[in-house]
Structures are given as structure tokens and as C-alpha cells.
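K.L.:
Could you put together the complete structure from these sequences and hints?
Sequence lines, in order, name chains A and B.
Read in UniProt numbering, the first sequence has 140 at position 140, and its numbers run on one by one without any break.
Read in UniProt numbering, the second sequence has 278 at position 278, and its numbers run on one by one without any break.
Hint data in this document are derived by calculation from the structure and do not stem from the laboratory.
Hints are not guaranteed to be accurate.
To be verified - Keeping only pairs whose Cα atoms sit at most 30 Å apart, straight-line, the calculated DSBU-like set for lysine-lysine is:
1. K419/A / K348/B
2. K417/A / K269/B
3. K92/A / K348/B
4. K419/A / K284/B
5. K348/B / K414/A
6. K100/A / K202/B
7. K417/A / K361/B
8. K348/B / K113/A
9. K100/B / K100/A
10. K269/B / K284/B
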Amino acid sequence: MTYSLMIQEKEENTIYLPSAVSLSGQTMAAFGSVSTPCRFVSSPLLDKHIIVTSDVVKRLYIPFAADVHLILDDDTVHLGPLVGIFTAGFTKSPLRPVGKRSFFFAKLLSQEKKVGGFAFLFGAHHIHWETGTVTGYFYTESGWMQREVPLPTVIYNRLPNRRIENSETFQMIKETLKNQYGIPWFNENFFNKWEVYCLLKEHPHSRPYLPDTSLHPTAETVQYFLDRYGEAYLKPANGSLGFGIYHLVKKNGQYECRFRDEHGYNRIRTFPTLSSLWQHLFSHQKWDHYIIQQGIQLIEVNGRKVDFRIHTNKNEQGAWQVSAIAAKIAGKRSVTTHMNNGGIVKTMEEIFPDASVRQRILKRLHDVALTLSRGLEEQMGITIGEIGFDIGLDQKHRIWMFEANSKPGRSIFKHPKLKQDDERTAMLSLAYAVYLSKKIIAEPEALLQ
Amino acid sequence: MNQPPTVAVLTEIFEKDSHVHFGSIHDFCEELANYSMQRQSIFYVTSLSMYVKNEKSGYRWIEGEWRKTEVPPANVIYNRLHSRKSEHSYLFDQLIEKLKDERILMFNHRFLHKWEVHQYLANHSYLHPYLPKTELFRDKQTLDSFFTQFPVVFIKPIHGSQGRHIFRIEKKENGFLLDYSTSMKDAVQQYASTSALFASLKERLKSAAVIQQGIDMKTIDGRPIDFRLLCHRVHDSEWRVTSAIARMAKQEQFVANLARGGEIVPIDKVLQQWYERKKAFQQKMLLKDIAIEAATVLASETEGLYGEFGIDLAIDQEHKPWIIEVNTKPSKQTDMVASKRFIRPSAKAVIDYCLSLIDEKE
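P.N.:
In C-alpha cells form, the structure reads like this:
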């Protein structure tokens, strides 16, 4: 439960708590990484409120009054939690702090009122190492505002791309905050497709949903995949948004390749032999960072291929749940169902109007997505709070997992009927951050393997 | 499909002798017709009664003139009825039934009034920073409560448009100054108390109204500036801004609507007068982001289909943008017509959206 924090303009070094909060001799108050000795008074007059005097507010860097959780350990009452969302790409405009992604973060942060605590956005240059504080961007009823606060209780990584994530600066900041300050991160890195495949292959419950995959395609492996499966995809192991994907099909003794050219046009080229295809399209490129994946005969709606984006989140109890499912329909000539590729998003109701058929499929998709989420987290050994899966159903209704994304795009949520799912997934990310904060405070050693 | 995709515009048609006129969207219809031709589709203009009574006729643009001729059934209808009365008529109810039976899509489904727009937007807390505080104007208490929070408040009829019948009230040391947007000859009136003010307003307001926090708008030469962003839907899940202009209020006028003597100014010119180049760019992008978010939210909250909104925004003295109001029948005078041969992006956007709806239904 949360308490509404009120600030009293007195300098009494005191926090007044409802008498239902059972104290056991705590002498310190903490907010994020900062703590201070202070006096606690139990008041029978309080029920859903706590009162903090302004001197304590100032010493703890509490940015404004809000609803907070109280987390008690042996000697400290923690207010908060304070959740930091890490990203990059800040502009100089305080009204649009991260350019076109500002509304994405505004939507995420505005869910904070539903879960309690404080969430803010920050980047590398906002951290003040000498004071152990950070100037974070908060999103309030009057919009974006910057406040200096302690280092956060937990950090949710929302860096925009792999390049920044792989930079030395980022790696150093992450390691320092993790190891020296004991601040846990979740979704701390982008997934690599080959690594995901190898890890899930070792997870018996996940294994049946993986299309056959191998690293570093050669003319020989392509031949093998096409002979065996009739079609195959070549994908960059570290790709996003469907860029750089080739779809190969062996059809009527010919070899067909679909891809997007450098100008963004969907192209189809046909060759009489695989070696001529390889010669013309592939021989002057390096393939060591590519994977080849077995092609699946996806179900079709009105002659267009359909796959699914399934979003899973951990909730306020730290348990996985499916937070959104949408169907993605491929563009008429395109390689993938990505939206930037002529694909469109439909709701499950639109794709499966028959309720019983829909329920049956939904149930199976749910189960698989949860199995895969647990499997990935177990195998990776890192803390994950949110995953976006690309999952397909073949014409025999077998389920296949094509991709897992640790920073799932939000494009499906532009569909008007998925607006609520958009808000729910955002809310769950913060609800999980609260759960993780409570856990790190209660058992700090548990999370720092 | 055996017949080319067909788009109809539903609007008020004024026929007199051999002349026909489509009111404020007359020229716009010509652009729609020309662009439909380029996209190999059929386009015609119809009225509520022509369509409902199944006359199978409409106005098509043929050889440089509008001719009443036989037309095929439309696949998509673009609703540009401008009279609120016609959308509350028995004929309109019949239209909705007919479209449902025949599974024909129509946008914009119907006019949305100011109070429902506000409530839809307010359902999404991330938009709160950009929404002026707004309530239904019911009683003197509302008036009192607004004046404890804001020095200036506006009162606007919920069905009003084009800046008509808007009251601006400013709290002064010794009373309240009431200004009115429609008639310029009325001098500004002064009231000693909110009771006197309320009594006067009650008498002058003929229908439901909202009370809204006054925004201290940025100005040029003392003339308030607002912005009109025209948003069109590309498909189910995507909106874009097709035109963005600034409007400068006439001297002594507090609304910038063109119908109230406001004047169109290029948006970049205004922003660059206020800000250095980079900041002007961020502000323009922010206005666009907000407009797109508002359109997206309205499309998800409303029943019925919407494909076009005109979003009015203002920037306050602290540089923060605000959503002033949203128009479901946005004026076609805000994006400039360059020449007779020119087809405005907004006309193209309407037809493109119609065709994408038809394409998706297949």
C-alpha cells in the first residue's frame, strides 16, 4: 500500500507515521541512496498519510509531495522507491527533453501515480558523482521538470540503441552503479538473437518453440536450410526493426529472395540456382554477424502473412504476465510484418472474430510466452522485467518464437484498441520496479550474485 | 473489385437555378476530385437527403464543372456536414443505420463538442500538462473557484466554432472585466462581484458552455498568436500533421480565428521571432507531437471513425504549449491555396486515407 506524503514547513527533524506502521527502533530515513538520522513519531491521527518536516525533505532530496511506499529494514525507514530510467539522446529543450521519444517517456512516467513512488529519466551526464546525486527529469501534472535527487533504488535501462549500450562510457557507468552502489538494473542490455537461441535451446520447456537456427550462414548452410525447410530467413544477430533481413524461398526449382533495398523499397529477385543467387546478392558481404533461421509457413489472413507481438511484463509481485497481444499483418510484398515495412497491426478480435477459436489460440500463445519469459530469465541470469516476443503460428497451428526483444518497440500500441495495453505495460514496468526496490532493500545480497 | 474505389463527401449542397455550391469546402472539393482522378478512383459530393433517399446521384467534377449525374455506391464517406442541426436530425439517424446495414465506412463520425473532447483527452494523464483546466460551466461556485486559481478565464459554448460567442473575463482589483469575441461594438463591461457577473453570463449564454483557465498567450505586437495543426490519419494506427500555421489575432481581439479577423502567418516565422533556430525547431516539433498525441487519443476514445482533426494550440509566456481546442470539421482556409492547379496536402491526405480504408477492408 502507499501513503500520501505531506510536507510540513517545520524544522523538527521528524517523520510522522500512522500508528498502523509498526516500527522496531528505526533511527534513519532513506530516499534512494541518501539516508539521514531522524525522529519517528507514530500518530493515531494519521491513516493514509505520512508527514515529513521540511528539513528532512531537504536532506533527503525529496523532489515534491507524492504517494510513497514505506519499506522498513532493521534501522531504516525507506521512502519511495526512487526509480531511475536510464536513456541517452537528450536535447537542450527542457520541454522536449529526449526529442521525439519524449512522449514515450511521458506516458511511462505518468503511470507512476498508479503505483506510487518516484520515477525519473536520466542520462550519463546527469549524474553528479561527487555528491552522489542525479539531476533527473520528472513528469508531473504541469509537465517535465528537473530536480536533483539521490541515486535511484533501481534502474530500468531504456537506451535507444546497441551502439550507445556497447560504449565504454555506458558499460563503466553501469558497472559502477551496480557494483559500487549496489543498484540493480533491469533489462540491462539488448538481446542478441544467436545468444537467445543458444540459451533457450538448453531450456527444455522453451526448446520446442525454436525454429532451427545457425550462426554465420554460408552457401552450404543456406542450401541445407532450403532443402530441408523450403524457406529461410537471414537476419543480423543484433538487428532491430526488421532491418537487413533477407527471406529466401525455394519455389518450383527456382530461388527467390525478398529484401528491402538501401532506398527502403521491397524487392524480389529470382534466380535459377542457389549459387547464382549467392553470387549476385551475397558474395560481397560478410555474414559472420548474421543468423539463418528456418522459415515457417505462417497462417494467412486475406493472403497476407500474420504473426504476433506478445508483450510480457513482470508485475508488482515479480511474476510474469502477458500484458499485450497484437497481430501483425505483412505488407503485400514485404519481407517481414514490421510496421515500417507496410505491415499493419490488428487486434486478436479483428483477426479471429470467432470467440472460441480466438480464446483457444490466445490461451496457447499466453502459455508459450510465459514459458519463454521464465526460460530466458533463468538462462540469462540477469534481471528482466519486460520482453517483447515475435511469435508465429504455422499452418498446422504449431507455435514458433522468432525473436525476443528486451526493449520492445511500441509501434503496436498506436492501434486505437491497444491504447489501454500501452498504458498497462508502462504501468507494469514501474510496478515491477517497486517490487524490485522492496526486494533489494529487504535482501540486498539476493540480487548481487 | 469490379468497380474503382469510390469516395463520397457528405455536405450541405446549395442549389440555385443552374448553380451549385458546397459552402466553405467548395474549392476543397475540387481538389479532392482532381486528386481522386490521379488515384484512379471515383469521387462525388452528396448531401444528407440525396444520400439517404437513395437517389443514386451526386455531383461529379467533369470537364471543369460540377455536374449532377448518376453515381455508384460509395465505399467510404467523408462527413463534412457543417450544421449541428443536420447531425441531430432523423435523416442523420437513418444515414447511420443505412451505413451500418450496408457496411459502409464514414468518417468523421460526428461533431465532437468541447466538453466531450476535454473529457476524452483528460482520461490520459500524460496529456494533463497541456490541457487548460476546464469544467462544465454550471454555477457561480465554478466561477468563484476558477478565479481563486486563475486571473483570466474563458467561457465558451460547447457547440461553438470559429471563435464565436466566447467570453473572456479578467479579474481586476476592483471587479471583473468581461470581453466578448463576437460583437466588437460592445464595450468591455465591468462587474463588481461574481454574483453580478454570473447573472449577466447566465442571461447571455444560450446553451451549455465550458469554463476554461485563461492561457497567457505569447504575442507579437501585443496580438495573441495561436496555432492550427491539421492532423490526418494515414491508417488505423498512424496520424500525421498535414499543415501547421500560426494565426495572429486582429488588434483589440482576443481570439485569433480567421472568422474573427485573425490573420495567417507562417509558423516558422512566428517561432523564429520568439526563439533562436534550434529552440524554434524543438517548439514546432513539440506542437506537432502534442497534436498527434491528441488525435491518437481521440481516435481511441471516441465511438465511430475519425480521420481528420484540426487542433488549436497556443504557447504561453513561459513557453509551454497548451491544447486550446479540437475541431472535428476543421476549416479549409487555414492551409493556403497557392494556385488553381495546386492540390493541398490535406486534400491528398483525405483521399489517401479513404483509399487505405477501402484497401484494408478487402
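K.L.:
Look at each hint and say if it fits the structure.
P.N.:
Hint-by-hint comparison with the structure:
no.: 1; hint: K419/A / K348/B; in the structure: holds (27 Å)
no.: 2; hint: K417/A / K269/B; in the structure: violated (38 Å)
no.: 3; hint: K92/A / K348/B; in the structure: violated (35 Å)
no.: 4; hint: K419/A / K284/B; in the structure: holds (25 Å)
no.: 5; hint: K348/B / K414/A; in the structure: holds (22 Å)
no.: 6; hint: K100/A / K202/B; in the structure: violated (44 Å)
no.: 7; hint: K417/A / K361/B; in the structure: holds (17 Å)
no.: 8; hint: K348/B / K113/A; in the structure: violated (42 Å)
no.: 9; hint: K100/B / K100/A; in the structure: violated (39 Å)
no.: 10; hint: K269/B / K284/B; in the structure: holds (11 Å)
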